[in-house]
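Residue numbers (this note's numbering), protein chains in the order written: chain A, 1 to 317; chain B, 1 to 261.
Don't take every hint at face value.
[Unchecked claim] Partial list, computed: chain B residues near chain A (C-beta under 7 Å):
(1) 67
(2) 106
(3) 193
(4) 230
Calculated from the structure, these hints are not laboratory results.
Just so you know, even glycine gets a beta-carbon here, dropped at the ideal spot from N, CA and C.
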Amino acid sequence: MLQFLIRRSVASLIIIFLATTLVFLIIHLLPGDPVILLLGEQGAANPEFVDKLRKKLKLDLPLHIQYYEWMKGLSHFDFGNSLQNDVPVIQELVRRIPRSLELIFGGLLISILVGIPIGVLGAEHPNGLWGWISSTFAVLGFSSPSFVTGIVLIIIFSLSLRFLPSSGYVSFSENAMENLRYAFLPSITLGFGFVGVVIRMTRASLLDVINKDYIRTARAKGLSEKGVLYKHALPNALIPVISILGVRAGNLLGGTVIIESLFNWPGLSSLLVKGCFDRDYPMIQGTLLSIFVIFVLISLCVDLCHALLDPKLRQEY
Amino acid sequence: MGGPIILLLLMMALLSHEFSPADPLKINSRNILKSPSRENLLGTDQLGRDILSRIIYASRISFSVAGAAVLIAVLVGVFLGLLLGYFEGWLQNIGMRVIDILVCVPEIFIAIVVVAFLGSSLMTLILTIGFLYFPQFTRVTQGITLSMKRREFILASVSVGAGTYRIIFRGILPNISSLVIVQTSFTLSFAMLLEAGLSFLGLGIMPPTPSWGQMIGELKNYIYINPLPVIFPAIALFLAVFSINMVGDWLQDRLNPEIIK
């Protein structure tokens, strides 16, 4: 088990390292002179301004020196300063990352809490009402773009019922209850897109497991149907569901982009979009890198859970 | 079931001129954010433009961007997949690993950064989206090619002296077509969603050219004034994506019955 942990962690570190290089390359190899873009037409006409800004951004140094500076900065978590207000990028990142994580976590929670029971019911009554409900729900969830779900939810809950706010954010430390109120709709929207996957996977996997021999044995031993379900079938059936979660973690992370914009939730993805509009290069670099790192870490966590639940995986290593 | 919807949407896209009741670009500042009425069947947007017409013209843009992008993704991806799958060697191994990594990357982030820097011309959008989705095709193709390579009919071709080109294109390609077709339909809906997402954020199709995502993005700010306008492009987008997925599911069932969903 420890070996597996070490191997996966090392692999993740390598990927993170590659990601830092990739981010650097993306930013610096894209065409368009950042200095000209930042100064605008009038500023760019003045060669003195251009030179000063170039020096300030360290863009006059050769590429590999810039790369070295970037990596050096990363080693002590210095992502440079924002071009908008000269505040260290890392400051804003630290503020915003937990907010995005909150939405992702909320979405995951909702999709699991709703998806697994529906999937189980769908598997138990494949041709009955629940079977139909689970399939339809799954397809709806899978097909609804997040904007559509989000807007429908906003119209129902914020506009008509005036029950939940449609945008904004209150930090947890300020007011936990308010924070959850603001997070509720975005999390449901994020979860809704994912719940379809969970339902389908749970249902298919449970149907698969129910026919296995060890379930027959458990029943033959006299275990009640519920006992069979909860103690033997379900835990085994959930394993593929968890592995799907890992694969689709990227989808959830990507989903935050639309959702944060729709609900004005000040998280990591909206920081990226803002940085792109402002042409704030250090910010874009830092945000993009954080996104990749979070993605790798989520995959790592899911793999670990997967290995914990499925001893077969551990033996491979 | 998705078929009829798709056909209707496609017809709408191709015959936009005939279908749309008004000029999608015509601004009318005295008539903004109106609910559906006799003149404007689906209401007007924040600049007074007729929403129904804009939705119809937007279908053109959404389908063409998604379609062109997927075309690029298929051509590049399948070609690369065939090469990586058929020829062996350390280069191919590295290639496969790279593709594996590329498949995992969440596309929208790269798309945002690239489009923010390179501008949102139609060409840039199509190329970006196309290149973001080709790894999926490569992976599918290379997997199949690898397993196909060892099958008897391929070995038979080789022993008869068939050239590499012939084996790849006449032997392997026809057999992967069903998988590629299914993958294409799903990628089409992803590409459409990606374009809608970019336009929603203000980075994709720029006004005044209409796109469903862009309309949603603009109209969402006026929900409290009038929630109806924003619903219509949202429904249009949903119908398009939903019907493409339905068709994809159906194709999956028809062509690849043995593959578990």
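Hint check results:
no.	hint	verdict
1	67	18 Å, violated
2	106	4 Å, holds
3	193	5 Å, holds
4	230	6 Å, holds
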